Each structure stands twice: as structure tokens, then as C-alpha cells.
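Asks: Residue-level listing of the chains:
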Amino acid sequence: MSAITRDEVAHLARLSRLALTDDELDHYATQLDAIIESVAKVAEVAAEDVPPSSHALPLTNVFRADEVRPCLTPEQALSGAPAVEDDRFRVPRILGEEA
Amino acid sequence: MTMLYDEALDRFEPVLGLETHVELGTKSKMFCGCKTAFGAPPNTQVCPTCLAFPGALPVANAMAIESTIRIGLALNCSIAEWCRFARKNYFYPDMPKNYQISQYDEPLCFDGYIDVEVNGETVRIEIERVHLEEDTGKSTHVGGATGRIHGADYSIVDYNRAGIPLVEIVTKPIPGTDRLAPEVAKAYVTELREIMRSLGVSDVRMEEGSLRCDVNVSLMPRGSSEWGTRTETKNVNSLRSVERAVRSEIERQAGVLAAGGKITQETRHFHEDSGTTTSGRSKEEAQDYRYFPEPDLVPIAPDPAWVAELKAALPELPSVRRKRLQAEWGLSDLDMQAMHNADAFDLVEATVAAGAPPADARKWWMGELARRANESGTSLAELPITPAQIARVTELVASGALNDKLAREVLEGVLAGEGTPDEVVEKRGLRIVNDEGELSAIIDKVLADNADAVEKVRSGKIAAAGALVGGVMRASKGKADAARARQLILDKLGVSE
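These protein sequence lines are chains A and B, in that order. Under our numbering, think of the first position of the first sequence as -4, with each following residue one higher. Under our numbering, think of the first position of the second sequence as 15, with each following residue one higher.
Hint data in this document are derived by calculation from the structure and do not stem from the laboratory. None of the values given here were measured: they were computed from a predicted structure. For glycine and all other residues, C-beta sits at the position ideal for the given N, C-alpha and C. Check each hint, because a few of them may be wrong.
Covered stretches of chain B (chain A as the covering partner; in silico rule of three or more C-beta atoms under 8 Å from a C-beta of chain A) [claimed, not checked]:
#, stretch
1, 53 to 63
2, 113 to 126
3, 310 to 317
4, 330 to 343
5, 378 to 392
Interface residues of chain A toward chain B, partial, derived using beta-carbon atoms under 10 Å [said to hold, decoys possible]:
#, residue
6, Ala41
7, Ser49
8, Val57
9, Pro65
10, Thr68
11, Leu73
12, Arg85
13, Val86
Given these sequences and hints, build the entire structure.
Replies: If you want it as C-alpha cells, here you go:
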């Protein structure tokens, strides 16, 4: 059963801004298939008395009070940035020319 | 290509939808303790959590949850008994995590409504949902011709705003507004802004971006019941722009449809200078955001008893208050509209509370003070005068110590920083001349100087007495009681009215 098509992998790659070759698309389609099959095994053990859950802990309402805590300095914040300009993170061009 | 508004409305019916974002005025961010001040130097209000450093985890701000529930209650929404945050995944540098923590199919508040007044008609706007998310960072696009993202060489990002709690309020589609669509959109956003103010949850400044509105518009041909394709216009940064953006998008879409074209579902940008919209990026489909429950935050389950307490403690909402004040003060719809536009309700209400009759309180704020605020380019609330001082002036007028002209001089003195109304009266010597002897002496002099007028009055032309009263007012520098002066003049000349 091949659930994931090459087109779906290509779409996912585009959303993630990853350039993949045709060989890579096939490669990842196979891998993603294996992952989905493994995850699908959970459905086999799910029973009527086991409600679906998204969180491992049976907790709700974990909040913090609205209190200000110390921030980083701009120097600290930007120290790991590949490029900086005017105390801002500099990032490559986001969109190309308008079509 | 665009069609004139009237012709567009002859041929098509608009359907509106409004998505409004409100930045909450919490002290700290949504998921970390960073400050939230507007206009701070770049990247001075950031920490490992809002910069998405590895291992940093979010914890939800209790005040933001409470404010969102209060907003939902004020908009007549149901409050979810249990709901979760969701990750909205997208590849864009305004969020350093590469996702935004938002809510997807489980909003905190849902199914509400508000009523707005447009041209004396009540229009009910249904609210689809109110959910809580985090605001994004601010990108500046460098290079290229326009300063816009298209064609820029690169961008620089400030994350001070990233992670500030943001409430999104989404209406259900609003059909049936017909020609009033632009006014309805504006009235809705205006009302939302007032509700937020009365709740004290946000400073709702459109010019600073703490209230932002996306306007959805679609058209369907008259007689059709099938809604057309909608566009979403962003960058609408003032109440007036909300109205203009709806109008402009109706005109543009009507032009496209009438020429046999198709509307593309897309994001459009509103331009303040031209009042028109241009195409932005085409929207990603909801499934492209790959929403899933946020694993780093546990679900929210508001205690119904707590929600009931919040509901009971809601302040009087603006529409209810306006109705109450109108009834109490006996004002016309027009008066109410003028006061609404001048943002005068708080001031007039406080002046009445300080003892002034409602009609007088309104007269001074909407007359003399509105004129002076207008002259100095400020709002009424910014004038250096208090409601209690206005109340004192109305009291002095009612007791006969001042007339309206003198009262205006007192206000001028108070505004000029000369002290309280009583101090200004004292310093400027503005009290009405109540001393009959003094008034009588002034009248005698005026009568002696105006033989012609005196003769006319004696011969029965009582209207000529007006000139004599005017002379007395001039001679007393406006401090005489005009009615009393008139009576004394007629008595002295031996005529009666």
C-alpha cells in the first residue's frame, strides 16, 4: 500500500521550501509511507474505551501569571544570527519578483 | 475596469466578512515573560521562548485567557468547555519557530453576535469565533523599487511583537447589507473598538496596529443566491479605510465580473493614498498550514463557575450605555451621533455626575469646548479642564453669578491655566454686576449718551431699547445681567412692554 504519492511529497517540499530531485521525491515517499504505516498501528489497538488524546499528561489549565521577566539584550538575542542589520535579524529575499 | 459604486450595486449584491485582530494589553507576552511596550528599540523585548531557541517552552498567560473569555462574553459568544491551541505551520521569517501558536477547530469562544446602528437601522453581525493566538514579528523589506516584499533584495526582522497575545474575531458572512456595506463594515469595527475599550483589554489603536482589520468581500449578481469568490483585503489601518476598502473592492470586482472575468481568491493590499487594493500573495489552503494540536501546551478547560463570574462582572457595554444615556438625557439620535463622533460620553457623563444638568453639560462640551479642541487640534479629553470644573461653571450660570458670555471667558481662563473657575472669576473680575446702584449709574450714563434711542423708546418704539441694552453691556464689559438692565431702562423711561 503506497499511501503517499510523489506529488504529495513535492507539495510538502514546496511548503517547506526544499528543492528535491525526482530521486529524492521517490526516496522520501517510501520513507513517509513507512512512517505512516507505523503510526497507523496505533489505530489497531484503539478501542471504544480509549478516547483519542493529543497530550501525554492528563492536565488542563497550566497558566502563568501576567508578570514581566527579564529579556535578552539585543546583543545576546542576535549573537547566533547568521546576519544582522540595524539590530534586526537579516534574512534572505522572501518572495521573488511580482509575476 | 472598475465600475462606479451605484452601478455596481444596481447589478450585484455584496457579501461581507470581517476578521479583526486585537492585540491584548497584557504586561507580558502570550507564552513568555517579555515586555510588550509599543515602539521599543528592535529586539529588546525578546527571550529564548519568543525567539524559538531550542528547548525553550511556552506557558500560557492567564490574563490573556481571561481577557479573551471576557471579549467572547461581551460579544454574546458561547465559551468552549475544553479547547486546545494548535500549530499553524508556515515558512516565513515573521515567526522564528516556523509556526504560529494559534487555535484551529477549537476556538475559545464561538457563535456570538453584536448589533450595530447604521443610518438609524440596527444590523446584527453574527460572530463565528473568537480565538487566541500570538502576534508575529515585524519585517522590513530592503531594496527593490517599492519597499514591498516583492522585488526586495532581503528583509530584516524585529521580534519585539512576536508572541504578543492576539485575539482574532471572525464574523460569519454578512449578506443583505446592500448599499450600506461600507458603512456597516465601519460601524462594526467602530463598535468592536468601543467594546474592547470598555473591557479595558486593549488600547485598540489602529495607527499602532493594536487593532487590525481584514476585509472580505464577494459579489453575487442580483437575484442570485450563490455567493461569489471572495478576496481578503489586508493593511486596512483606520476606520475610514475600512469603509473605503469595502467600497473600492466592490467597484473593482464588479468591473471584473461585468467584463466576463473571474475573481481570484487571494489576499489584496489596501493603499491609503489611492484608496484602492492591489493583489498580494495567493492564499495557501488551510490544509497547507498542517494544523495540529500544540503538544507543548496543555488544553484549556475554563471552569464554568469562573466564566459565570466573569460574565456577571462585565462592564456596561457601549450600546447599552448609549441607550441608557439617551433616555436619561432626553437627546435626539442626531445629538447622540454627534457626541459619539466627538467621543464625549465619558466627559458629559462625568460632568452630570458632578452636578451639572445634562443639557448644560452637553452644551458646553459640544459647543464652546468642542470649538476650542478643534482649534487646537486636540480631542475633548485632552483639554486641560475637568468635568467638575464645567459643572462648577454651569452652577455659577444657574445662580446668576455668570452669564453665558462671562462663562465662556471663565472657560478660556481655565484652559489658559489661570486656575479653577472661581479663581478665574476672581482674577478677571468676571462676576455679573448685581449691585443695583452700580448698574443704575451705568444705565444713566448710557441714556444720557443716546438721546435718539431714548426718544424712540419714549415714543413707543420699544424695540429701540435693544440698542440701549447693548450700550449697557458694552459699558459694563459684558458683566451686566442683560434682562435686568432692560427692565431698569424701561422703568427709568416710564414705559412698559
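Asks: Each hint: holds or not?
Replies: Hint by hint, here is what the structure shows:
Coverage of the stretch 53 to 63 of chain B by chain A holds. Counting CB-CB distances below 8 Å, 8 residues qualify, and the rule asks for three or more. Only when three residues or more bring their CB closer than 8 Å to a CB of chain A does the claim for the stretch 113 to 126 of chain B stand; here the count is 0, and the claim is violated. Closer than 8 Å: that is the beta-carbon criterion, and the stretch 310 to 317 of chain B has 6 residues meeting it against chain A, so the requirement of 3 holds. With a cut-off of 8 Å between beta carbons, the stretch 330 to 343 of chain B has 0 residues touching chain A; three or more are needed, and the interface restraint is violated.
Restraint check on the stretch 378 to 392 of chain B versus chain A: 0 residues with Cβ-Cβ distances below 8 Å, three needed, restraint violated. Interface hint status for alanine 41 of chain A: violated, as the beta-carbon distance to the closest one in chain B is roughly 17 Å, over 10 Å. The criterion of a C-beta within 10 Å of any C-beta in chain B is met by serine 49 of chain A, whose closest approach is roughly 4 Å, and the hint holds. A cut of 10 Å between beta carbons decides the hint on valine 57 of chain A: the least distance to chain B is about 5 Å, and the hint holds.
The restraint placing proline 65 of chain A at the interface with chain B holds, with a minimum CB-CB distance near 8 Å, inside the 10 Å limit. For threonine 68 of chain A, the shortest C-beta to C-beta distance to chain B is roughly 7 Å, which falls under 10 Å, so the interface hint holds. Contact between leucine 73 of chain A and chain B, as hinted, is supported at the beta carbon level, the nearest pair being about 6 Å apart and thus within 10 Å. Against a cut-off of 10 Å between C-beta atoms, the interface hint on arginine 85 of chain A holds, since the closest Cβ of chain B lies about 5 Å away.
Here the hint on valine 86 of chain A is kept, as its CB sits about 5 Å from the closest CB of chain B, short of 10 Å.
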